Structures are given as C-alpha cells and as structure tokens.
Amino acid sequence: MTCDEAIKLMDGYLDGELDPIANQTIEQHLRECQKCDEAYKTHSALIRSIGKATPYYKAPSGLRERIQASLREEIAERSPRSVSRNIPSLFPSLIQSKQSERRAVLFGTQWNWLALAAAIVLAAIIAFNLAPRLRRPGADQFLATQLIASHVRSLMANHLTDVASSDQHTVKPWLDAKLDFAPVVVDLSSEGFPLVGGRLDYLDNRPVAALVYQRRKHFINLFVWPAESGSVSADKRITRQGYQLLHWVDSDFNYWAVSDVSDNDLQAFKQVFEKQLPRR
Amino acid sequence: MTQRREQEDVGSFEEVMLPHLDAAHNLARWLLRNDQDAQDVVQEAYLRAFKSFAGFHGSNGRAWLLTIVRNTSYTLLKKNRAVDLTTTFDEEIHVAGHESVSPATILEHSEDAELIKEAMDELPSEFREILALRHQEGLSYKEISEIAQIPPGTVMSRLARARAKLKEYLAARMSK
Ligand SMILES: [Zn+2]
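From first to last, the protein sequence lines are chains D and B. With our numbering applied, the first sequence corresponds to residues 1 to 280, in that order. With our numbering applied, the second sequence corresponds to residues 1 to 176, in that order.
Keep in mind that the hints were calculated from the coordinates and are not lab data. Quick caveat: nothing in here was measured; it's all calculated off a predicted structure. The C-beta atom is built at its ideal place from N, Cα and C for all residues, glycine as well. Wrong hints could be hidden among the right ones.
[To be verified] Quick list of in silico lysine to aspartate or glutamate cross-link-like pairs, EDC-like style, CA-CA up to 20 angstroms: (1) B:Lys142 / D:Glu17; (2) D:Lys52 / B:Asp9; (3) D:Lys217 / D:Asp265; (4) D:Lys52 / B:Asp121.
[To be verified] One-sided and incomplete, this derived list gives chain D residues near chain B with beta-carbon spacing under 7 angstroms: (5) Leu14; (6) Ala22; (7) Leu30; (8) Gln34; (9) Leu46; (10) Ile50; (11) Ile67; (12) Ser70.
[Unchecked claim] Far from chain B by the CB rule (all over 10 angstroms, computed), these chain D residues: (13) Asp11; (14) Thr42; (15) Tyr57; (16) Ala59; (17) Leu63; (18) Ile75; (19) His218; (20) Asn264; (21) Ala268; (22) Gln271; (23) Gln276.
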C-alpha cells in the first residue's frame with residue numbers, strides 16, 4: 001500500500017467502515033510508515049474532538065406538541081364530515097400555521113404558564129396513550145384522552161375560541177350555523193364563570209361544540225353534542241394527569257367539562273350551568 | 001377508515017417516530033441554518049412521514065424519517081436559496097489543513113463549539129449533512145448512503161472531503 005492509498009482510506013479506517021482486508025492492509029502500513037501514522041493520529045484526534053464539540057440542535061420545547069397537533073388536524077381533515085379548522089398540510093399553508101405560531105409567541109407572556117403546564121400534561125397523555133393499546137381502553141377512557149388532548153391543544157395553540165365573545169347571543173348563532181345541532185349557550189359571569197367564547201372541535205368521530213368558560217385564571221372547556229335518544233347515564237367524574245373531567249347527560253345533550261380547576265369548582269360549574277338552562 | 005382507527009394509527013406512528021425528533025431537528029437545523037425554517041420543515045416532514053407511514057415496513061425508523069427530513073429541507077432550500085446548492089466543491093484534499101496553522105493549533109481549538117459552528121455553516125449543504133449524520137448521529141456509511149441518496153462507495157470520499165474542508169475553514173478562522 002502506498003501513502004496515497006493509505007490517506008484515501010484513512011477516514012474509512014477511522015470510522016471502522018473498511019472491509020477486513022483493507023483494514024489489515026492499512027494497519028500494516030501505519031505500523032511501517034511513521035509519516036502516515038502521525039497523520040492518522042492527528043486526524044483522528046481532531047475529528048473526534050470536533051465531533052464531540054459540534055453543537056447539537058435539540059428540538060425546542062413545543063415542537064413536539066406542534067407536530068402532534070398537526071397530525072390530529074390531518075386526521076380530522078380526512079373525515080368528510082369534518083368541519084374542523086381547515087389547515088391543509090403543504091408548504092404554503094404551513095406558513096400560515098407558522099404565522100399563527102409566531103402570533104402565539106408574540107402574545108406569549110400571557111400564555112406561557114398555560115403552555116408549560118400543558119406541555120407537562122401532554123407528555124403525560126402520551127405516556128398514558130402508549131399503555132392502552134396493550135389493554136384496550138374503555139370507551140370513556142379513550143374519550144377522556146381525546147377530551148384532555150382537545151382541552152390542552154385549545155390552550156396551547158392559542159386557539160381557545162373560534163368566536164371570542166362573552167355574549168351568548170353572539171356565540172350561539174355562530175355555533176348554530178356551523179353545527180348540525182343547536183347547543184345551549186349561557187353566560188355564567190354572575191356565578192363566577194364568565195363565558196369566553198365558543199369553538200368547533202372534533203371528538204369521537206363527530207363535530208362538537210366547545211364552550212369556553214373562565215374560572216379565575218383557569219379555563220373550562222365544555223364539550224357539547226347531542227345525546228342519543230333515551231340514553232341515561234349517571235354523572236361521571238374522572239381525574240387524570242391533574243385534569244378534572246365531569247360528564248353528564250340531559251334529555252338533549254352530552255356534556256363533558258374539562259379543566260384544571262378543582263373538582264369542587266367543576267361540580268359548582270355544572271350546577272350553575274344547569275340552573276341557567278332555559279326551561280323547556 | 002374510522003376516526004378511532006386513525007387515532008390509533010397516529011399513536012403507533014408517534015411511538016415509532018417521535019423518539020427521533022431531536023435527530024430530525026438537528027439535521028434540519030444544520031441544513032437550513034435557521035431556527036424557524038428548521039422547525040417548520042420538521043413539522044412538515046412529520047406530516048409527510050405520517051401520510052406515507054403505511055409504506056414503512058423497515059426496522060430503521062430513524063433513517064427513514066431522516067430521509068424525509070432531508071428531502072423536505074432541500075425542497076425549502078431549493079426554493080429559498082438556490083445558491084446554496086450550486087456551491088462548487090473543492091475537490092482537493094488538505095489532510096494537513098491550512099498551511100500556516102499547525103495541526104496542534106487546530107486541535108487546541110477543536111473544542112470551541114462556536115468556532116466549529118461558524119466553520120460548519122460555511123460548508124456546502126452536502127458537507128453539513130454528512131458531518132451531522134456521521135459525527136452527531138453516529139450513522140453507518142450504509143445508512144448515510146440511503147439518507148443522502150448517494151452510492152455507498154461515495155460516502156467515505158465525501159466525508160473525507162467534508163472533514164478536510166472543515167479543518168481548512170477552522171484553520172482559516174484561527175489564522176485571522
Ligand atoms: Zn505512508
């Protein structure tokens with residue numbers, strides 16, 4: 001082996017990628033040729049050092065959640081019944097969602113604490129999601145996972161509401177026009193749960209109304225969709241990953257309230273909500 | 001397909017692909033040299049990967065994902081900075097580095113992350129990606145050839161040229 005040949009193979013040798021014969025040949029050359037041996041030692045020390053010191057760009061916080069949200073948008077889009085937000089997936093539109101992300105950053109301070117909490121919770125949801133595939137979750141568990149994910153996403157994506165208004169007479173017509181049912185919308189400001197707005201969401205294979213209420217600095221998502229006729233069900237309370245879920249059914253609708261307020265607050269919310277419902 | 005089935009598909013896709021998020025972002029960031037572009041490309045790449053996930057039967061999820069990240073990165077690079085792709089390679093190999101700077105001096109500065117970053121960023125994209133894939137992900141030549149879509153025999157010579165160029169640029173910065 002000549003020195004030129006040895007130098008050509010040096011990087012392959014350094015990376016342990018030579019075939020056994022070439023490997024043996026270059027090792028023999030390095031034993032016999034001091035010049036090449038020194039060149040190799042310097043080169044390998046340098047490359048290893050550079051390799052170690054090269055900055056590694058880990059994914060920034062929030063990117064994982066952004067990806068997960070976009071995958072769920074993608075699914076929602078696929079269904080012909082979907083009325084969910086129309087965010088197509090190719091590049092030009094990516095710019096749109098990028099801008100909304102940037103807007104979220106601009107308005108970042110007021111959302112930061114939400115985003116942080118939400119990120120932690122979302123990580124827990126993912127962990128939770130992995131296990132059930134092995135042991136088939138019950139329908140409620142599966143739905144609870146979707147509900148929490150929707151709640152978290154609404155806080156994170158800075159997309160709490162499609163129609164932001166504390167006026168039930170603004171929120172209701174907007175929702176009525178978008179849905180194939182007419183949810184009841186009541187303002188509960190006087191009871192300490194002001195209405196923030198409404199949003200379309202997609203749950204359990206159907207479009208649903210999400211009414212957003214506020215309790216001090218916390219938000220409550222109230223998901224509403226028509227109840228199956230004759231369905232009777234006791235209230236359900238689920239606590240998961242620091243979130244409270246409360247489910248009830250009346251003669252017309254399924255309700256799922258999701259929030260990080262206390263269980264007591266959520267119970268109180270349900271009570272005042274039912275009290276304010278128009279008599280039918 | 002039902003919504004529920006799709007939800008489960010997303011779950012298994014995420015299980016296989018999200019562990020490679022850092023690798024995906026690192027590659028995109030080196031290729032694009034810009035935080036915002038890197039994040040957008042990674043998001044887009046994950047979406048593309050999800051759409052073609054049914055066609056993924058291999059065991060090497062990382063290599064498969066990185067291939068998509070790379071292709072998506074080049075889509076944006078071609079769009080935005082065609083000039084980056086036309087950078088001509090210097091075919092010459094300077095194993096000993098810059099004439100005026102001794103190997104010992106380069107070695108002294110070889111732990112200077114900022115210096116390495118600056119020198120790396122000056123390299124053509126083909127060099128940046130191959131260095132990231134080998135030095136940071138520790139991928140084999142075979143994996144690199146699949147991701148960068150070059151013949152396996154080309155990996156070693158391109159890597160050698162990339163390293164030589166990097167050393168040259170480091171030396172040039174030190175002699176300033
Ligand atoms: Zn020699």
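We went through each hint and held it up to the structure:
1. B:Lys142 / D:Glu17: Between lysine 142 (chain B) and glutamate 17 (chain D) the Cα gap is close to 9 angstroms, so the pair holds against 20 angstroms.
2. D:Lys52 / B:Asp9: violated (37 angstroms)
3. D:Lys217 / D:Asp265: Holds - the C-alpha atoms of aspartate 265 (chain D) and lysine 217 (chain D) are around 13 angstroms apart, at most 20 angstroms.
4. D:Lys52 / B:Asp121: Satisfied, since the Cα-Cα distance of roughly 17 angstroms is no more than 20 angstroms.
5. Leu14: violated (9 angstroms)
6. Ala22: Not OK, violated: alanine 22 (chain D) not within 7 angstroms of chain B, min 11 angstroms.
7. Leu30: violated (14 angstroms)
8. Gln34: violated (15 angstroms)
9. Leu46: holds (5 angstroms)
10. Ile50: Holds: closest Cβ of chain B sits about 5 angstroms from isoleucine 50 (chain D), inside 7 angstroms.
11. Ile67: holds (5 angstroms)
12. Ser70: holds (6 angstroms)
13. Asp11: violated (4 angstroms)
14. Thr42: violated (4 angstroms)
15. Tyr57: violated (4 angstroms)
16. Ala59: violated (4 angstroms)
17. Leu63: violated (6 angstroms)
18. Ile75: Contrary to the label, isoleucine 75 (chain D) does not stay out of reach of chain B, its closest Cβ about 4 angstroms off (not over 10 angstroms).
19. His218: holds (27 angstroms)
20. Asn264: At about 32 angstroms from chain B, asparagine 264 (chain D) clears the 10 angstroms cut-off, so the statement holds.
21. Ala268: holds (32 angstroms)
22. Gln271: Holds: least Cβ distance 32 angstroms, greater than 10 angstroms.
23. Gln276: Check passes; 32 angstroms lies beyond 10 angstroms.
Checked against the numbered hints given earlier, this structure breaks hints 2, 5, 6, 7, 8, 13, 14, 15, 16, 17 and 18; the rest are met.
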